[in-house]
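Trainee: Yeah, the sequence shown ends on 167 if you go by our numbering, and it's all consecutive.
There could be a bad hint or two in this list.
Stated by the list, open to error - Using 27 Å as the maximum straight-line C-alpha spacing, the simulated DSS-like pairs for lysine-lysine come out as follows: (1) 104 / 134; (2) 148 / 134; (3) 145 / 134.
As the list claims (entries may be wrong) - Label-pair ranges, simulated between beta-carbon atoms: (4) 152 / 124: 36 to 42 Å; (5) 31 / 63: 45 to 51 Å; (6) 66 / 31: 54 to 60 Å; (7) 37 / 93: 26 to 32 Å.
I should point out that these hints are in silico values taken from the structure, not numbers from a laboratory. Source: prediction; values computed, not measured. Don't be surprised by glycine CBs; every beta carbon is placed ideally from N, CA and C.
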Amino acid sequence: MVDEEQAGEVADATPERRSRKPLVIAVSVALLLALGIGGYVWQSRQSVPGKAGKAAPKVAQAELYLPLDPAFVVNFRDAGSLRYLQVGVTLMSHDPAAIEVAKAADPVIRDALVALFSNQDFAIIGDAAGRQKLQADALAAVRKIVKARLGRPGVDALYFTSFVMQ
């Protein structure tokens with residue numbers, strides 16, 4: 002009788018189902034992987050320069066310096082006496098072509114700066130605000146010369162590396 006009961010239990014028992022957890026996990030991982038790759042490809046196509054009318058951001062180049070040697074020495078006006086001004090000038094640009102143009106136009110740039118420096122008044126350039134205005138005027142003069150030759154100003158800054166009045 003024990004054999005008959007065991008046989009009945011075996012006949013009534015249904016076969017065990019396999020768990021679906023590994024299949025669900027595998028499908029989820031594959032779906033996430035596909036979405037990640039798709040997102041990466043979409044994002045990389047959005048950032049490609051020249052596509053869809055978007056301009057690529059301009060990457061800043063290294064600063065290039067051009068010292069205008071020797072230093073400028075000019076006499077300038079003062080109410081009662083003869084004064085001298087010695088100014089060391091260095092140009093800075095991110096554009097190598099502008100530096101080359103400035104090198105080629107050195108005599109023209111020096112002439113413009115000598116004319117500018119010699120027309121200064123001692124009382125005006127004796128203080129910091131006057132020197133800053135002179136520096137801005139000198140930069141404008143250099144940019145004008147470079148722009149006439151290159152088609153763009155090109156020079157980003159002009160620095161006084163020495164400034165001696167006597």
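Trainee: Would you mind marking each hint as holding or not holding in the structure?
Mentor: These are the hints, each one checked on the structure:
Restraint check for residue 104 and residue 134: the C-alpha separation of about 24 Å stays at or below 27 Å, so the hint holds. Restraint check for residue 148 and residue 134: satisfied, since their Cα atoms lie roughly 21 Å apart, inside the 27 Å limit. Note on residue 145 and residue 134: the hinted pairing holds, with a Cα-Cα distance of about 17 Å set against a maximum of 27 Å. Checking the proposed 36 to 42 Å range against residue 152 and residue 124 shows it holds: the Cβ atoms sit about 39 Å from each other.
Evaluation of the 45 to 51 Å hint for residue 31 and residue 63 yields a pass: the beta carbon distance comes to about 47 Å. Against the hinted window of 54 to 60 Å, the Cβ-Cβ separation of residue 66 and residue 31 comes to about 57 Å, which satisfies the hint. Between residue 37 and residue 93, the C-beta spacing of about 45 Å breaks the proposed range 26 to 32 Å.
In the structure shown, a violation is registered for the earlier hint numbered 7 alone.
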